[in-house]
Amino acid sequence: MAETDSKVRDSISAEPTKAFFVDMLVRDIPLEQAVLDLVDNCVDGAKRLAKQAERPYEGCSVEITIDQTQFRIQDNCGGFDVETAREYAFRFGRPAGAKATTHSIGQFGVGMKRALFKFGRHFNVQSATPNESWAVDVNVDEWEVEAGWSFPWAEFKGEKISTAHPGTDIKVTNLRPEVALKFGTVWFVNTIIGLVKSKHRQFISDGLQIAVNNTRIDATNIYLLVGEGFAPGTDILTYTGDGVAPVVAKIIVGVGPSSPKEAGWNVICNGRVILEADRRSVTGWGLLEEEAGRTLIPSFHNQFARFRGIVSFDSDDSSRIPWNTTKTDVDQDSIVWRQTFQRMLEMMRPVIDFLNELDADIDENTREKSALLDFVTKASPQRPESFLVKTNFTAPARGSIVKGPKMVKIQYSRTVDDVDFLQDALGLGSAKAVGEACFDMILKRQRD
Amino acid sequence: MAASFRKIDYSLRPAKYAERKMLVDVFRRLTPFQPVEDYNYVGFGSVWFSDFILFHKILGIKNMVSIEESESARERFEENRPFQIRMEFSNSSQALPKLDWTQRTIAWLDYDDTLVTSMLQDVRSIASRAVSGSILAVSVQCMKAKALIEYHEENDSSKASAIERFRQTFGRERVPDGARDEDLAGWPYGALCRKILTTEIELALSDRNTSPETAMRFIPICEIEYQDDARMTTIVGIFVTPEDMARYESCSFSKLDFMPLENKAIRIEMPKLTVRELRKIEQQLPSVEGTELSLGSIPLSDAKKFCRMYRYFPNFAVMEA
Numbered sequence: 121m122a123e124t125d126s127k128v129r130d131s132i133s134a135e136p137t138k139a140f141f142v143d144m145l146v147r148d149i150p151l152e153q154a155v156l157d158l159v160d161n162c163v164d165g166a167k168r169l170a171k172q173a174e175r176p177y178e179g180c181s182v183e184i185t186i187d188q189t190q191f192r193i194q195d196n197c198g199g200f201d202v203e204t205a206r207e208y209a210f211r212f213g214r215p216a217g218a219k220a221t222t223h224s225i226g227q228f229g230v231g232m233k234r235a236l237f238k239f240g241r242h243f244n245v246q247s248a249t250p251n252e253s254w255a256v257d258v259n260v261d262e263w264e265v266e267a268g269w270s271f272p273w274a275e276f277k278g279e280k281i282s283t284a285h286p287g288t289d290i291k292v293t294n295l296r297p298e299v300a301l302k303f304g305t306v307w308f309v310n311t312i313i314g315l316v317k318s319k320h321r322q323f324i325s326d327g328l329q330i331a332v333n334n335t336r337i338d339a340t341n342i343y344l345l346v347g348e349g350f351a352p353g354t355d356i357l358t359y360t361g362d363g364v365a366p367v368v369a370k371i372i373v374g375v376g377p378s379s380p381k382e383a384g385w386n387v388i389c390n391g392r393v394i395l396e397a398d399r400r401s402v403t404g405w406g407l408l409e410e411e412a413g414r415t416l417i418p419s420f421h422n423q424f425a426r427f428r429g430i431v432s433f434d435s436d437d438s439s440r441i442p443w444n445t446t447k448t449d450v451d452q453d454s455i456v457w458r459q460t461f462q463r464m465l466e467m468m469r470p471v472i473d474f475l476n477e478l479d480a481d482i483d484e485n486t487r488e489k490s491a492l493l494d495f496v497t498k499a500s501p502q503r504p505e506s507f508l509v510k511t512n513f514t515a516p517a518r519g520s521i522v523k524g525p526k527m528v529k530i531q532y533s534r535t536v537d538d539v540d541f542l543q544d545a546l547g548l549g550s551a552k553a554v555g556e557a558c559f560d561m562i563l564k565r566q567r568d
Numbered sequence: 115m116a117a118s119f120r121k122i123d124y125s126l127r128p129a130k131y132a133e134r135k136m137l138v139d140v141f142r143r144l145t146p147f148q149p150v151e152d153y154n155y156v157g158f159g160s161v162w163f164s165d166f167i168l169f170h171k172i173l174g175i176k177n178m179v180s181i182e183e184s185e186s187a188r189e190r191f192e193e194n195r196p197f198q199i200r201m202e203f204s205n206s207s208q209a210l211p212k213l214d215w216t217q218r219t220i221a222w223l224d225y226d227d228t229l230v231t232s233m234l235q236d237v238r239s240i241a242s243r244a245v246s247g248s249i250l251a252v253s254v255q256c257m258k259a260k261a262l263i264e265y266h267e268e269n270d271s272s273k274a275s276a277i278e279r280f281r282q283t284f285g286r287e288r289v290p291d292g293a294r295d296e297d298l299a300g301w302p303y304g305a306l307c308r309k310i311l312t313t314e315i316e317l318a319l320s321d322r323n324t325s326p327e328t329a330m331r332f333i334p335i336c337e338i339e340y341q342d343d344a345r346m347t348t349i350v351g352i353f354v355t356p357e358d359m360a361r362y363e364s365c366s367f368s369k370l371d372f373m374p375l376e377n378k379a380i381r382i383e384m385p386k387l388t389v390r391e392l393r394k395i396e397q398q399l400p401s402v403e404g405t406e407l408s409l410g411s412i413p414l415s416d417a418k419k420f421c422r423m424y425r426y427f428p429n430f431a432v433m434e435a
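For the record, the sequence lines run as chains Y and D. Be aware that the first sequence starts at 121, since it is given in my numbering, and climbs by one per residue. Be aware that the second sequence starts at 115, since it is given in my numbering, and climbs by one per residue.
Think of the hints as simulated: they come from the structure by calculation, not from any bench. If you're wondering where the values come from, they're calculated on a predicted model, not measured in any experiment. C-beta atoms are modelled at their ideal positions from N, C-alpha and C, and glycine is treated no differently. Keep in mind that a hint or two might mislead.
[To be verified] Now the stretches of chain Y that chain D is said to cover, found in silico as 3 or more residues with beta-carbon under 8 Å:
1) 294–301
2) 313–321
3) 349–358
All chains should be modelled from the sequences, with the hints used to inform the complete structure.
Laid out in C-alpha cells, this is it:
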C-alpha cells in the first residue's frame, strides 16, 4: 500500500467526494424553490436585455415543461457566453471579481447547479448569444466517479435558440424517483404556477412572459385602499456604505380588501418576492416587548385580514440585500433588515389600531350599519407602485363618520323551546330575527 | 285525468337509481382481480342502505361497512340495517383510517353536500391505503359553491371574487389557474370538483409511492353527472400497480355500453315519456346499427336519452286509485 510512502502520509486528503458534495448541495433546497431558481436565471437574462420602457421585459419569454420524465426550461433572454459558462455559471460559488448582472436576483452562484442536481441524473444545457453558442451535457452517475471537477462541453444542437435567436435551453432527464413522482402530479404543476405568479409578479407585470406546461401565467397584484383622509403610510430608507452600492428600502403599509390569506407583510428583493403575506414574528406579528411582557404587535387574527405591508429592497449589489440563499426568507442578522424591521414595526402600529377600531365599530353596529366599514368598502383600490412619497398612514377616527343614529348591541339567551315557539308564531327565520322583532314590537307598543 | 304520463316521484330518485345500476356493471368487471363477492364495501348507507342492498343482492358482496355520523338516531340505523352490515358511528374522517384496507375494497363516498376540505382528507385517507384493484367512487353535490353563494350575499364593493375565495379555501395548488367564477355553479362546477378530487388522489399517491417503476396509479373509469333534485357528480376510478396492469386491461371498463366517447362525463338524463311510448321504443331495442327507430310522435331527444341508457332506468308501475 502507498501508506508506507512518507510523502503521502504527510497530510490527510479532505477533498470531498463529488457524490457527497452533490448530496449536501441539494439537501438544503425544496424542489419548488429549485424550479424558481432557474426562473430567476432567466429573469437575470431579461434584466440584461431590459429596455427603458414602461414594460422593460416585453418580448422576453420563459417556457417551462414539467412531467414525470423531464424538466425543461427554455428562454429567449439573451443566453450566456462561453466565458460566463466557464468562469461562473458552472462553478460552485462565485469566484472573487466575477462579473455580475447589476440588480440581479441570482447572486450566490449555486442556483442553477443545485437545481439540476436536485432534479435528476442527467442534464443538458444549451445556450446561444448573438456571437457564440455552446452546450454542456452531464451524466451525473458517470461524472461523480470521474476524477476532477470539470463538466464536459457537448455539441450545440439548439432547437429554438441560435445566435440569431439568443437564449438558453436547459433539460434534465433521468429524474430522481421522488422528483419524477412529484413532477407527475397536477398538484406540483399548480404549485409552481401559483409560486411563479406571486414570486415573479413584478417581472410578469413588467412584460416578461412565463408559461408552465403551456399555461401562460398572469401576475397577481396587491391593492391598497385609498379614500378621502384615508391613505397608506410610505417610507423610504437608504443604506449607504463606503465603496458599496446603496440599498434602498421602501415600506408601504395600509388597508386592503378583506382577505385573510393575502394579509400580512410582503418582502420583495430586487423585484423578486421573498415573503408573501407573512404573519410570523419575523415580520413583527405577536411580538412582545421583552422586559415589560407587553404585546408590541398582536399575533395575526382574522380581524387584521385587511392588513397589507410591502417592503421592497433594491440594490445594484444583490449581496447587500437581506435574503437567504434559497430566497425563501429574510436574513434576520442583516443590519439592513434589522433597521428596516424597526421602522416596519412603527409603521404597522397605526394600521393595527385602525383595524381594531374597525372591528369594534362592526361589533357594535353590525356589518350592515357600521359607518367605518361602509367608508372602507367604498375606498378605491390602488397598486403599491403609485405610492412614491414619504407619508404617514391616515384613516378616519371612529365616530368622525356618522351613518344614522348611535347604536348599541344587545345580547341575551332564552330556552330553545321558547325561541322556536316565537320563531314559528312570528314566521321568522332565525333566533336573531326573533330578538329584533320582539324588541321592535314592544317598543312600538310603549311609544304609541 | 288518467295517468298517461309517467309521474316521477322525487323520492324515488330515478337518476341516482340509474347511477347505482351503472356502478354495479362497473364492479361486475372486477373479476380479473378477484371474485367481486369477496370485495369489501364501504359506504354511507344512511337509513335506506340502497347501495348496500343492491350490491349485496346483485354482486353478492357480504363484508360491508356503513359509516354514519349521526349518533343521535343510532337506534334507527341499527333497526334499518339489513344483511349484517357493520355500522361505524363516527364522522368519515375518523372512521376511514380505522377500517381494514389490506383487502380489496370498493369505497363509495356518496356525500350529499358540496365539496369541502374534509372530503379531500377522506379521499387522501383511502388513496394512501388502498391496495391494487380497489375502487374509489366519490359523489358530491355541484349546484353552487359556498364561495359563490357568499359572494352573492355580500354587499361589499371591495370584496374578493368568488373564485378567489374558493382558492383561499382549497389552496391554489388544488384549483387550476384558469378557473373562473363561472366554474363555481352547475356542470362546470362539477367538472372542477372532479378535477380537485383526482388531483388530491394523485397527490396522496405521489407521497405514498417510492419509485415511478412500482408506483400505484389511480386510473379513472368514468365520471357521472346526474340530477334528481340537486345536481350531483361522481368520479369512479381504480387503484392499480404496474404489475396488475394486465388485470386492469382485462377488466375492459371502456366496453361498458354507457361509456361516452372522448372521455366525457356520463350525463344521466331522464326521458319524459309515457309508459306506452317507452314500450314502443323497447320493442325496437337493442337497436341495430344503421336502422332508424320508428318513433311516431315521440320527441327524438327524449327517445335518444332513453335508448342511451334504458338498461339502467328504473321500471315504474303506475298505481292508480
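Now for the hints, and whether the structure bears them out:
1. 294–301: holds (count 4)
2. 313–321: holds (count 3)
3. 349–358: Per the Cβ count (0), the hint is violated.
Comparing the model with each numbered hint stated earlier shows that hint 3 is the single one that does not hold.
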